[in-house]
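2 protein chains.
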Amino acid sequence: MSLNKRSNPLVRAFDLKGYLAQRTAAVDRALHRLLPPATTKPDTIHKAMRYSLFAGGKRLRPALCLAAAEACGGSIDQAMPLACAVECIHTYSLIHDDLPAMDNDDLRRGKPTNHKVFGEAVAILAGDGLLTEAFAIAARCRGWPRYPHRVIIAELAKAAGSRELIAGQVADLEGEGKKLSAGQLKYIHEKKTSALLCCSVRLGGMSANASAAPLRALTDFGYNVGLAFQIIDDILDVTQTSEQLGKTAGKDTAAEKATYPSIVGMEKSRAIAAQLTARAFRALEFFRGKARPLAALAEYLLKRDK
Amino acid sequence: MSLNKRSNPLVRAFDLKGYLAQRTAAVDRALHRLLPPATTKPDTIHKAMRYSLFAGGKRLRPALCLAAAEACGGSIDQAMPLACAVECIHTYSLIHDDLPAMDNDDLRRGKPTNHKVFGEAVAILAGDGLLTEAFAIAARCRGWPRYPHRVIIAELAKAAGSRELIAGQVADLEGEGKKLSAGQLKYIHEKKTSALLCCSVRLGGMSANASAAPLRALTDFGYNVGLAFQIIDDILDVTQTSEQLGKTAGKDTAAEKATYPSIVGMEKSRAIAAQLTARAFRALEFFRGKARPLAALAEYLLKRDK
Chain R
671 MSLNKRSNPL VRAFDLKGYL AQRTAAVDRA LHRLLPPATT KPDTIHKAMR
721 YSLFAGGKRL RPALCLAAAE ACGGSIDQAM PLACAVECIH TYSLIHDDLP
771 AMDNDDLRRG KPTNHKVFGE AVAILAGDGL LTEAFAIAAR CRGWPRYPHR
821 VIIAELAKAA GSRELIAGQV ADLEGEGKKL SAGQLKYIHE KKTSALLCCS
871 VRLGGMSANA SAAPLRALTD FGYNVGLAFQ IIDDILDVTQ TSEQLGKTAG
921 KDTAAEKATY PSIVGMEKSR AIAAQLTARA FRALEFFRGK ARPLAALAEY
971 LLKRDK
Chain V
671 MSLNKRSNPL VRAFDLKGYL AQRTAAVDRA LHRLLPPATT KPDTIHKAMR
721 YSLFAGGKRL RPALCLAAAE ACGGSIDQAM PLACAVECIH TYSLIHDDLP
771 AMDNDDLRRG KPTNHKVFGE AVAILAGDGL LTEAFAIAAR CRGWPRYPHR
821 VIIAELAKAA GSRELIAGQV ADLEGEGKKL SAGQLKYIHE KKTSALLCCS
871 VRLGGMSANA SAAPLRALTD FGYNVGLAFQ IIDDILDVTQ TSEQLGKTAG
921 KDTAAEKATY PSIVGMEKSR AIAAQLTARA FRALEFFRGK ARPLAALAEY
971 LLKRDK
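Residue numbers (our numbering), protein chains in the order written: chain R, 671 to 976; chain V, 671 to 976.
Don't read these hints as lab results, they were simulated from the structure. Keep in mind it's a predicted model, so treat the numbers as computed, not measured. Treat each hint with caution, since some may be false.
One copy or two, it doesn't matter: identical chains are merged, so the pair holds either way.
The calculated lysine to any residue pairs, modelled on SDA-like cross-linking and capped at a C-alpha distance of 20 Å, are [to be verified]: (1) K828 - R810; (2) K786 - M772; (3) K786 - P770; (4) K711 - K856.
With the hints as constraints, model all of the structure from the sequences given.
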């Protein structure tokens with residue numbers, strides 16, 4: 671964690687480490703409360719769902735969701751079900767992506783992947799369970815006349831659906847071993863990562879009953895941070911070891927997957943990520959001081975080393 | 671189809687064949703309209719989702735949903751998004767159940783299963799896509815003060831979730847090769863089949879703004895029809911050929927799965943199914959003549975031969 675490499679004035683003297691620790695703990699408590707207990711019959715499936723959900727995820731999407739709510743003057747409590755719903759969707763997508771039929775990964779966040787522990791059948795069903803639970807949890811949020819539950823659910827389903835998150839995974843699989851253009855790779859990253867990050871901050875804004883202008887700013891912020899985040903991921907996959915990452919390093923190269931470094935080179939990749947983050951920062955100007963946590967999170971995402 | 675073996679007075683002279691044909695066509699049209707077109711990028715996933723959704727399913731759950739709405743004085747139009755959502759969830763569950771890691775089935779409704787045509791990775795994602803789409807579609811229904819969208823979504827998520835539909839599949843997989851008690855088998859059937867059938871008619875009732883009493887009657891009806899339906903499925907798996915069923919026959923025996931015939935015998939299985947259907951008919955008395963389509967569907971489910 672490069673929490674001290676700060677540059678943006680908004681972020682200076684902001685205790686991101688303390689902020690993230692507090693938010694992560696709050697999200698963990700909420701997830702524990704909202705998910706069926708591990709003893710729920712049949713316990714295999716509930717243990718498997720909780721195994722991946724509590725496997726040390728950084729809770730970046732929930733943190734962004736909560737910080738977006740704050741930036742719009744909303745409360746953590748009202749944003750929490752949506753933050754948890756997004757984390758369930760993120761976790762389900764990792765479980766399914768790791769399956770032998772997909773990326774076939776044995777290690778995730780330093781631990782054996784879900785199917786390595788519970789077997790393929792239960793891993794598929796645990797992903798299905800988390801995806802379904804995401805909608806049950808999202809339905810528990812407070813709605814507003816401007817953002818009734820049907821709008822919230824549609825927002826979540828769109829980001830998780832076959833035109834966004836799933837489209838990204840399909841395009842990613844279909845791109846393996848092929849020479850992709852920078853445009854094609856950008857499409858994959860937009861769908862696979864930006865869509866759900868963008869959804870996270872938009873849902874945070876919606877939970878705070880934000881009007882159209884702040885929601886546009888959040889959309890802009892989320893899109894750019896998401897794309898930057900994925901480019902950094904590509905870079906770290908090349909430059910870091912498995913121990914540093916807590917997951918299999920170099921797997922993009924091994925799977926003959928196109929990455930930003932492989933297409934545009936390492937330096938240009940870093941420059942694009944910095945440029946995207948700058949755009950994200952500009953989007954935050956709308957919120958002034960209330961966007962400090964969002965800005966700090968964005969800067970952390972760009973300067974992280976795992 | 672044994673459409674002429676009628677016994678219930680409510681059902682006599684009811685043209686179920688015509689009714690089902692009309693309803694199936696209406697559901698198919700609605701699904702075509704509500705699902706992303708097959709040309710939506712990336713087209714692989716949308717082709718795969720539509721392949722299984724339009725592979726000749728009998729649309730029993732949507733038909734039950736629409737008939738329940740009618741029984742409560744509601745309209746087909748208002749129930750349609752929920753009928754389609756339930757069919758998406760049913761289809762997703764079949765795609766995932768058929769996967770090599772689960773029941774490993776090559777044939778479904780007389781056609782190659784999704785993973786046989788599109789490969790395992792895309793089949794998993796097509797299931798994920800249909801599950802997600804179900805919530806997007808359900809969110810498009812009309813809500814009522816008594817049944818706002820959050821209640822509708824919670825109802826759907828509960829039936830599809832890890833305590834119901836997914837719980838059934840887990841218990842089914844865990845029961846393979848084991849000697850189950852009649853109680854354990856009933857648990858599997860309740861979760862795997864009754865839950866979503868019950869949800870189908872309840873959502874139909876909700877779309878019609880039904881009060882507590884009719885909703886209780888529908889719940890009772892759905893539960894009993896669902897259990898009867900699954901027992902008939904067990905019986906047909908033993909007595910019919912693959913050609914007659916349009917799917918692999920005898921697969922329960924092959925997979926060493928407990929079935930009603932294997933635990934309580936064929937005659938008692940038939941008797942239990944008849945008893946459950948009688949209970950379902952009693953639940954319909956509440957609705958009098960308006961329940962004719964529901965009664966006809968229930969009788970059809972009991973007397974079907976495929």
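Q) Quick one: K828 to R810, C-alpha cut-off 20 Å, is that within a copy, between copies, both, or neither? A) both (18 Å within a copy, 13 Å between copies)
Q: Measure nothing new, just compare the shortest in-copy and cross-copy C-alpha distances for K786 and P770 to 20 Å and report within, between, both or neither.
A: both (10 Å within a copy, 16 Å between copies)
Q: Could you place K786 and M772 in one of the four classes (within, between, both, neither) given a Cα distance threshold of 20 Å?
A: So K786 and M772 pass the 20 Å test inside a copy (14 Å) and across (16 Å) alike.
Q: Pop the pair K711 and K856 into one bin, within, between, both or neither, using alpha-carbon distances up to 20 Å.
A: The answer is between: 14 Å across copies meets 20 Å, while 43 Å in one copy does not.
In this structure, every one of the numbered hints holds.
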